[in-house]
Each structure stands twice: as structure tokens, then as C-alpha cells.
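Got chain A; can you put chains D and W on it based on the hints?
Protein chains in written order, with the UniProt record's numbering: chain A, 1 to 187; chain D, 1 to 249; chain W, 1 to 353.
These are calculated hints, taken from the structure and not from any lab test.
Here the structure is a predicted model, which is why all the values come from computation and not from measurement.
Accuracy of the hints is not assured; some may be wrong.
Lysine-lysine pairs mimicking DSS-like chemistry, simulated, CA-CA at most 25 Å apart [said to hold, decoys possible]:
1. W/LYS206 / D/LYS14
2. A/LYS152 / W/LYS3
3. W/LYS206 / D/LYS193
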Amino acid sequence: MMHEIVIAGFGGQGVMSMGQLLAYAGMTENKHVSWLPSYGPEQRGGTANVSVVISDEPIGSPVIQNPSVAIVLNNPSFEKFEPTVKKGGVLIVNKSIVDLKSKRNDITVIEVPTAEIASEIGSPRVAGSVILGAFIQHSKAISKKSIIESLKNVLSERKQHLIPANEEALERGASLVINGDVKKPIA
Amino acid sequence: MKVVFQKTSGLQDKETHYCPGCTHGIIHRLVGETLEELDVLEDTIGVASVGCSVLSYEYFNCDMTQAAHGRAPAVATGVKRVLPKNRIVFTYQGDGDLASIGMGEIIHAAARGEHITVIFVNNATYGMTGGQMAPTTLVGQKTSTTPKGRDESVQGAPIRVSEMLATLDSVHYIERVSTHDVANIIKAKKAIKKAFSYQKEGAGFTFVEVLSTCPTNWGLDPEESLKYVKDKMVAYYPLGVLKDRGGDN
Amino acid sequence: MPKVLMKGNEVIAEAAIHAGCKNFFGYPITPQSELVAYMANRLPEIDGLFLQAESEVAAINMVYGAASAGVRVMTSSSSPGFSLKQEGVSYLAGAELPAVIVNIGRGGPGLGNIQPAQSDYFQVTKGGGHGDYYTPVLAPSTLQEIVELTKLAFDLADEYRTPVVLLGDGMLGQMMEPVEFTEEDMKVLPEKKWATTGTRGDGAPKVISSLELNDVNLENHNHTLQSKYEVIKQREVRFDTYRADDAEYMVVAYGTVSRIAKSAIDEARENGIKIGMIRPITLWPFPEKPFEEYRDKVKAFLSVEMSAGQMVEDVRLAVNGKAPVEFFGRTGGVIPNHSEVLEAIKSLAGGGQ
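For reference, chain A alone in the conformation it holds in the complex:
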């Protein structure tokens, strides 16, 4: 099984860190992983994206042409990556910011009101984890436990207190999928 994940958004939305967390979690499950950032000037304020591959087999190209999963956090990223999602793949949309709708009927679309859920949890900084929760619930690419373990390793000491909030965010994201708040492909 190979997951080719693109995460895209504004610089500062935590795109790179979300990708790193997935790669790290994949590594802890002894999967093959690669993490490839867009590292142009756009990383300072413009759009940034990261390609993460999680695979049972050694990874050939770390470059993703047609993602099996695209996580888009803003409109420009939606416009750029929605058309590239592989047929049968998944588009996960940050509904709090993105007002565009996918017209494709060959992919699964999951819309996540990240900001609203994060503010219900009481920590705007865990918006990324809400979306990751939806992602791992849908794809089963890695377990929630691995994400939590990885957070303990990647978060600096002064951010460790955010782990319970992140855990809650992951669960809230997952419950969206469990509750069927998902637009499946026709056919």
C-alpha cells in the first residue's frame, strides 16, 4: 500500500509540520516514508506545499504527480491540487477558509471546519490535527497512536502541554468521517 499525500496552504498554517508529523509517524510504524517540501520563496507567506509518501515498499520518486490524498488549507491550494487528485483519491478541504466546491465525482471529498472545531477545543493551534484526524480515520495510513507518539517526539518541551488538545482534535476530525460527513465518488 502506498499513500501519496500532498498538503498545501499558506505559509504559517503548519503545512510542513503536518507533513513531518505524518512522515515521522510512518517511520515509527516501520513504513518507508519520504517528505519533500516546496522550498521556494513562497514558504514565506505565500502558498507552501509538502509531499509525503508513506509506503510498505521502498519509495521510488518522492515527487508526487497525482496525489492519492490532497489536503488543501486555502483557496489557491484548492485550485492547484483539486484537479490533480488521483481518480478514486481523497480531497480533504479546510472548510473554514476554502469556499470552493469540488465538481469532481471520481474522488472522495471531506470538508473539515478546522477553525470552528479547534476553537471549540479551545486551542486554535490544533486545527491541523483536526484535519489529520479526518485523514487517518479515512485512509488508515497510520494509527492515531503513532501520531500521538510522534507528537511527543517532534514537539519542543514548551509545547508538550498541547498534546491532550491535539489528541482531542484528532478524535474530532476522525468522528467527522465516522459520522459519514463525507462526499463519496459516484459509481
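Quick look at chains D and W alone, frame taken from chain A:
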């Protein structure tokens, strides 16, 4: 028989390639004597530059590394920083090498306070390539690339490197000396010895500018050349200590 | 040791430290700056020396000084900065000083951009600076391979008294993969008796120099260098092959591009095209043997590069007219995607049938 004079063991027993009347030979001797007197010959690594002194590695009686044009201070930085602290590292550079192509390297080595000694031989010309204008060429001085004399409105004014480097906080010692007569040669020796002594004590960047002759390219005989240094060069490049942070390190 | 997730640039730095390199002179330039920052952080912890130079030119000359004093030393840069170091590389080669220089290539010419490119191939494999010299060039394709090849770079440098180039691109430098640093025994190498460390207990003064004014002597020195390069060519060639045994067509690619090519090859195989790959690991010396082996068996070769066509010249020399050699490349920092490589493969196979 009593020995009244002998060559310093700081220099190898070789004839140099320098022109008659050139003071490079004197400056080599002053450095060689200093290394001998401070008993550091075996712990010294010299860095030769590009210019007339390019072959200085054949004359100094210590380990020598030959650097690319202008890069001696960077090479010396590499040597000094990776070897045990008791090693003495010096560069021997002319004015084309140090003040033109190597200006970046010398300024930054000085700014970092590298624990090296720089012997800067200023004869106001590119000697080896045949007497072209150097950054230190005096206004009005004729060279093969300023055939009518250096014109300040075209080539700007000569650079006083020692004064410029003396503005840097991490520099330990800078003195400008000359070789145009015996009294000044004795002063030059004292300055060179002071610079190396500071390095031996572990002090920072030390720099001695030595005003020197180039009879061949100046088109003067040796005696006239010494007079040129005394009258013209010293007038623009005043002698003396420009910075001395003393022996307290 | 457990696996760690690191950026390629950081892997190079840590691998150098594992290879016994405790001295680094650097200058910032994207996309290799993480390497410099990693060294700045890590080397003081192990009593090593990190120094940020005022320019790439100064950095390579500091390397020259440190190498002449006999220590393992490294510097790193990216294309425009590598050009600036090129003068120093020629001096290192002439003075026979061991050092490792990393080039994390980016789009050119000129200032170009900061995206990945392989357009410095000519520069690094053909000497690049003035004078008759070559530098061994190692081109890792994965982060784990960086660990192995960085160690090899230092060993080759010391064994043959030569500068060695580790060539990557922005993709390799910026990406993360899990890597494992293995504690290998250090290779026993000849003592550096030539190093200018002072003469105490050593005898006569030693000289490190690339200057030789006597023409006959300089020619002799050139003969010495050329014989050394011959030995390196005989002993140090490294390459890898992928699905090559029954291949009717052959891709040639190195570094990160070989990974994209692998994906395209797998897909081409699913489409019934019998295609394999030769992946040079040493770009100089260029691996000629696999071409001698396959050039009579395959119908055509395809060189895939992030350049306008540089390695393809060496491929043509190695194939020596025995089979057609085609080229597919992207330039300017554009990373080829595997479907366009696949199209190039299909067109190669179509044209060959």
C-alpha cells in the same frame, strides 16, 4: 675564529630570486631572525602568497603552504584554527595580493581577530607581473597601467590598509615600518618581533606593513629607490604604531 | 542505532561527522543552508571547528589551509557558490590536498533559482577549474546512500590525496527520509606525513604548493596526477543497475532523477516495455563497464537528467555508437514527473521497434 656574522637559521641557505636593490630580502631576514630568536621555527607554518614573494616558501626555513592570489589570510585561518594552539602561523603578502584581490580575505581575517601574523610588503606596485598599478600606487606614480601617472579623478586615491584595519575592534596590533635605512630596518625588526611575540603569547591578529622598494619597476636605481620610499611613500603612509592592545591579551 | 528522520542536508553533515570530519568552513546559500546551520550547532559539541567564512572563495581557501595541516575537512555550497569555489578546487587538486566539497545543485545559469537541477554535471565531472585535473564525484540518490557515500568521499580524498565532490540537488538536500547512521570501523589510511604542521621532530621543512615554474617538472607533476586518475578509474568506479538483466531499452539516470525514472520504469514494464536502468554512482570516473556490457544487448539508451543534456555526452562516449542514445531532460529547476519520463520511454520503445 670568532664568528662575527652568520645567516639566520630562519632562512634556508639559498640565493633568492629578488632583484638587486629590492628590500624583500631584508624583510625575509627580519622574519627569519625573529622566528629563530623566538625559538618557534619548528612550530611555524608560513603561508606564501602570489606576487614577487610567491617563492618565499623556498626561503623560509619552516613548513610552508602556498596560497592562491589574495587568499593567504583564509588559508592561514584554516591552518591556524585546526592545529594545536602553540603553532605560529604567518602570511607574507604584497600589496597587489593583499590590498587588491585579497582585500576581502584580509579584512575578514582581521575582523575575526585570527591569531595570525601578517607581513604586508607594500612597494606600491605589482612587481612580478611587470609594474602595474596597485591599490597602494601613489597619485602621480607612473606604472605600466598608469603610463601618465595615477590620476585620482580616474583611479582614486591609494588605500592606507593599516589605518583601515586599525578601525576593527578585534585587531591586536598594527604597525607601519620602513626599510629605507638602517635605523628604520631596526625598527621594522622590532615591530615584526613584537607581532610574532604577541602571537606566541596567544594574542589576536597582528599586522606589520613594511614599506619596500621596487627599483626594477620604478625605473630607479637602488639608492634612488630608498630615497623614493623615504620622501614619497612615508609622506603618504606615515610610519608608526596604529594599534596596540598591549601584552595583557 | 535507531532510524532518524532528517533533511538530506543535515544527513550529509552528520555523515561527515561520523566519517571523522571535525572541521567545516561554510557560507550560506539556498538550498544547502541547513548543512551549514547543522554544522554550526553540532561541531562545537564534539570539539570540532565550525567557521562561517566571508565568501565561498574564502571558505574553500580555509579548507585548503586546514587540509594542508592534515585534518579531514569539508565545505558545502550550491551551484553559484560552487563556481566561486572552483578556483580553490583546482589548487587543491594541484597541491594534492584531500577535502570534500558538497554541491547541492540548483537551477542556472547565473543566479538561476533555488529549485533542484543537475546542470553542474559538466563543471564537476570535467575538472571545472583551470588545468588538467579531475575530482571524483559521488552522486547519492537516497538519504541513506548519503551516509555511505559521504564516508567514501572522505576515504577517497585521503587515500588519493584529492578533492572529492559530493553532488546532490535541491530535492536531495531538502527532502526528509529515515536514515540510520552505522558505526563502521575507520578505514586504515596512510599517515599524512606531508602535512605542514610544523617541523618539530620531522626534519626538513615541508611545502604544500601547486606552483612549479620549471616546465619539465610541472609536466612530471601532471604525469603523476594523470597516473593517479588512472588508478582511480580502475578501482573506484561505482554504479547500480535496476531491472537491467532482460532489458531491451535502458534508462541512464543519477541522483534523485534515478528515483523518478524507477517509478517510470515500473510503469513502463506494466505496459510491456522491457526497460531497465544504469545508475552511475560515481559520475567521475564515469562507469563505462555496464555500457560495454549492455550496449550490444539493448536497442536504445535514454539519458534522463535535470539539465539540457550533459551526462548524455558521457553516455554516448561509453555506448560508442553501438546503439542509439536519446535524451530527456527538464531544466531551470523543473523536476521531471514520472509520466513525462514514461512518455519518453514509450517514444524510445516505439521508435526502436
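Status of each hint after checking the structure:
1. W/LYS206 / D/LYS14: Distance of about 16 Å is within 25 Å: holds.
2. A/LYS152 / W/LYS3: With a Cα-Cα distance of about 16 Å, the restraint between A/LYS152 and W/LYS3 holds, given a limit of 25 Å.
3. W/LYS206 / D/LYS193: Satisfied, since the Cα-Cα distance of roughly 24 Å is no more than 25 Å.
In this structure, every one of the numbered hints holds.
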